[in-house]
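Input sequences plus hints: build the corresponding full structure.
In the order they appear, the protein sequences are chains A and B. In terms of numbering that gives the first Met the number 0, the first sequence opens at residue 0 and continues consecutively. In terms of numbering that gives the first Met the number 0, the second sequence opens at residue 0 and continues consecutively.
Honestly, the hints are just simulated from the structure, not real lab data. Note that the structure is predicted; figures quoted are calculated from it, not measured. Incorrect hints may have been included.
Some chain B residues judged to face chain A by a derived CB distance under 8 Å, without partners named [unchecked claim]:
1. Leu24
2. Phe26
3. Ala52
4. Gly53
5. Asp57
6. Ser60
7. Pro82
8. Thr86
9. Arg158
10. Thr173
11. Arg191
Yeah, the Cβ is synthetic: ideal placement off N, Cα and C, and Gly gets one too.
2 protein chains.
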Amino acid sequence: MSTPAFILTRPQMGENIGASARAMLNFGCDRMRIVAPRDGWPNPKAVAMASGAGRVLDGASVYGDLPGAVADCDYIFATTARPRGLTKTVVTPERAMAQARALMGEGKKVGVLFGPERAGLENEDIALANAIISVPVNPDFASLNLAQCVLLVAYEWGRQTSSVSPEVVDMAKTDWAGQVEVEALARHYEDRLDDAQFFFPPEKADGMKIVLRNMWSRMPLTRADVQMLHGILRQMVRWKERG
Amino acid sequence: MSTPAFILTRPQMGENIGASARAMLNFGCDRMRIVAPRDGWPNPKAVAMASGAGRVLDGASVYGDLPGAVADCDYIFATTARPRGLTKTVVTPERAMAQARALMGEGKKVGVLFGPERAGLENEDIALANAIISVPVNPDFASLNLAQCVLLVAYEWGRQTSSVSPEVVDMAKTDWAGQVEVEALARHYEDRLDDAQFFFPPEKADGMKIVLRNMWSRMPLTRADVQMLHGILRQMVRWKERG
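Structure (structure tokens):
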């Protein structure tokens, strides 16, 4: 699937254009458009900041005005930090990227507008958009800069299109221990702890053994864990035998 | 509900501590812990960068080592950018903050570890954690810095605990037009466009009127829109009458 166009509108500092390119590429978004950059284009500070994301800048299209930049878009979101006195739908980044994904799945082109650092988008810009994206920040402290806003929108796009499983276990060259291995471990401990008179007093021994067995079966043991636990016990026995 | 503790482990640059405080506070997270900051504490550069989020730094606790910083935590997440060769559960920020929310709802304390800028957390740090948070970045380009990683975790916390509706319409001092108002608008246009011989040829007039009525009812018109559309039509009539 293609990715939305991130349209930086009258950006001021080259560093922020470069940081936006990095933020985008972190989540696989590589379609940047730049409208009337204050310091012209190309901008060496943008290139320096973009570092490994230089290809996003290389592929960026530059436009003289916003209507030109959005002419081929079927649906346009405008990011704003504050209410604008315009009657328009306001969505979270999450909802916006869900809508973008659905639209792009139908072959539509989606653009997301980001305003200049100092003041954000003008109402004239926002009037071109179909909906507003507002990040639900703390009303008592809202300080997202341009690249952070780009990062959060790109993150939402990536999150919703990612095939990464929300939870996996990184296995470090081992596998889960099978039932046979856990059983052998439990028996090893039971036998040596019997030798060591751990299960005391005798009338409580059976109950203690059940608690211990239950502990082994409750733990998510790997084969490496089982080997280590055998080794610990063997070493304790050796240490005892050395007297 | 309380918020997770954001535990900056051996952070290097004060600017990044300050930027992390801002990133946290954007999403209402204000519990910071700092472990062995390279340049000591307090750090004027952190204060300067934190700006309006200075109260997060004022409230931060400073620890000499990580075990001390996490001693009261019931569950610990460690953020890492790369696989560590440790057998451990790896979750997305989304899943992690869902778990954190559930745990904190039970009165448990949750900590999230963030490593030093240059190299991230050591395996020794990660061994203290119950699970790993890995942001699902583009495998071909992963360049999140400390404050960006803090921002994304704080964003996920805020997103999942936010009461902000995913979609609202900002109404700009107006309300939706009622059926009576839309009907009056439709009749006004129909009458004047009849006068102007817009519905031509006559055998198509009824069909054209239905299409026009359908357009009005399809549009999400506010009362302000309806007034403007009446005004447009009246002005066109006046202009015509002036000859």
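Each hint, compared with the structure:
no. : hint   : verdict
1   : Leu24  : holds, 4 Å
2   : Phe26  : holds, 6 Å
3   : Ala52  : holds, 6 Å
4   : Gly53  : violated, 11 Å
5   : Asp57  : violated, 14 Å
6   : Ser60  : violated, 20 Å
7   : Pro82  : holds, 6 Å
8   : Thr86  : holds, 4 Å
9   : Arg158 : holds, 6 Å
10  : Thr173 : holds, 6 Å
11  : Arg191 : violated, 25 Å
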